[in-house]
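Going down the list, the sequences are from chains X and R. Using our numbering, the letters of the first sequence map in sequence onto residues 1 to 247. Using our numbering, the letters of the second sequence map in sequence onto residues 1 to 75.
Each hint can be trusted.
Sample of chain R residues with no beta-carbon within 12 Å of chain X, all distances over it, derived: (1) Val12; (2) Phe24; (3) Ala27.
If the Cβ cut is set under 10 Å, some of the chain X residues that face chain R in the computed set are: (4) His2; (5) Ile3; (6) Ala6; (7) Phe186; (8) Arg187; (9) Leu188; (10) Phe193; (11) Ala194; (12) Ile224; (13) Gln225; (14) Leu227; (15) Met231; (16) Leu232.
Everything labelled a hint here was simulated from the structure, so no lab data went into it. Glycine included, every Cβ here is placed at the ideal spot set by N, Cα and C.
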Amino acid sequence: MHISIAANPVLSLGPVHITNSMLATLSVLIILWLTSLFATRKMELVPTGLQNVTELGIEKLIGLTNSVIHDKKYAEKVFPLIATFFIFILFNNWFGLVPGVGSIGFNEVIEGKEVMIPLLRAGTADLNTTIALGIIVVVMTQVFGIAAIGVFRYGKKFINFSNPINFFVGLIELASELVRIISFSFRLFGNVFAGEVLLIVLGSIAPYIIPLPFYFMELFVGFIQALVFTMLALVFFSMATMTHDAH
Amino acid sequence: MEAESLKAFAAVAAIALGTIAPAFGIAMIASKGLEAMGRNPEAADKIQPSLILTCAFVEAIAVYALVIALIIKFV
Numbered sequence: 001m002h003i004s005i006a007a008n009p010v011l012s013l014g015p016v017h018i019t020n021s022m023l024a025t026l027s028v029l030i031i032l033w034l035t036s037l038f039a040t041r042k043m044e045l046v047p048t049g050l051q052n053v054t055e056l057g058i059e060k061l062i063g064l065t066n067s068v069i070h071d072k073k074y075a076e077k078v079f080p081l082i083a084t085f086f087i088f089i090l091f092n093n094w095f096g097l098v099p100g101v102g103s104i105g106f107n108e109v110i111e112g113k114e115v116m117i118p119l120l121r122a123g124t125a126d127l128n129t130t131i132a133l134g135i136i137v138v139v140m141t142q143v144f145g146i147a148a149i150g151v152f153r154y155g156k157k158f159i160n161f162s163n164p165i166n167f168f169v170g171l172i173e174l175a176s177e178l179v180r181i182i183s184f185s186f187r188l189f190g191n192v193f194a195g196e197v198l199l200i201v202l203g204s205i206a207p208y209i210i211p212l213p214f215y216f217m218e219l220f221v222g223f224i225q226a227l228v229f230t231m232l233a234l235v236f237f238s239m240a241t242m243t244h245d246a247h
Numbered sequence: 001m002e003a004e005s006l007k008a009f010a011a012v013a014a015i016a017l018g019t020i021a022p023a024f025g026i027a028m029i030a031s032k033g034l035e036a037m038g039r040n041p042e043a044a045d046k047i048q049p050s051l052i053l054t055c056a057f058v059e060a061i062a063v064y065a066l067v068i069a070l071i072i073k074f075v
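Bound conformation, chain X alone (with noise of 0.2 Å):
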């Protein structure tokens, strides 16, 4: 049994190495790309077959965003990039417990021992790819904060010189904004690697029908850990546009 927390290189293009979620990560993209085009290939009034269950999809992405931000504005223009982070995050989940991913791989000696290095591994059960996706919801904060009530009063949160106890709140929220990425990062991937991790021990003590309910655990597990990415970055959106002297 051998658990690697880092994605290990099964490519290498020259200086760049390609590593088993990169590799996932880009089947995800593909497979997501082609359902599109299905979907979207001959669109009908009413819909059928894979465009109405796209629909459907997108109409329940559409609720959620309304229920946290009540500005119809503002949800039009924060929703592609909420739907987007939600789709990608739950297929790279779900990806990562189809048969074969992660258990079919080649031989590699490693510090002197010999091990399986899997050729697919889920896309979140990298760090890597956890960390990018919390720093781009802390950057789109910052830019939909400054884009809605402008930089002098956006910039007023973080950077106030009225008296000192507004001046280390603000620091302090200056330090809770940088601690967002970490947050955000180690639940995503703490939740997929770790549901991974139980699914090779629980594996090796009992390969038949014991671990079928973890597995289902880990699709649930999956489906809510993207929702919650989804819904904390919805809520910081939202709070975003609030100005400081409002609360």
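Given the coordinates of chain X, work out where chain R should sit on it, guided by the hints.
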């Protein structure tokens, strides 16, 4: 003690101590949520999603401890 067994103890301590607070947290969420559902059964559909969502938030704290434990064990 050799480094390997120290590592095992550290991993166990990290996950054992790290799950105490989230356990209380989930217990509190569940008890309050069920109480609210019992008092107002019509609102059960509205309470349940936020119940699961807050459970996921609290669970995330336990997962931080789990990540630390796994890093100690495997790195």
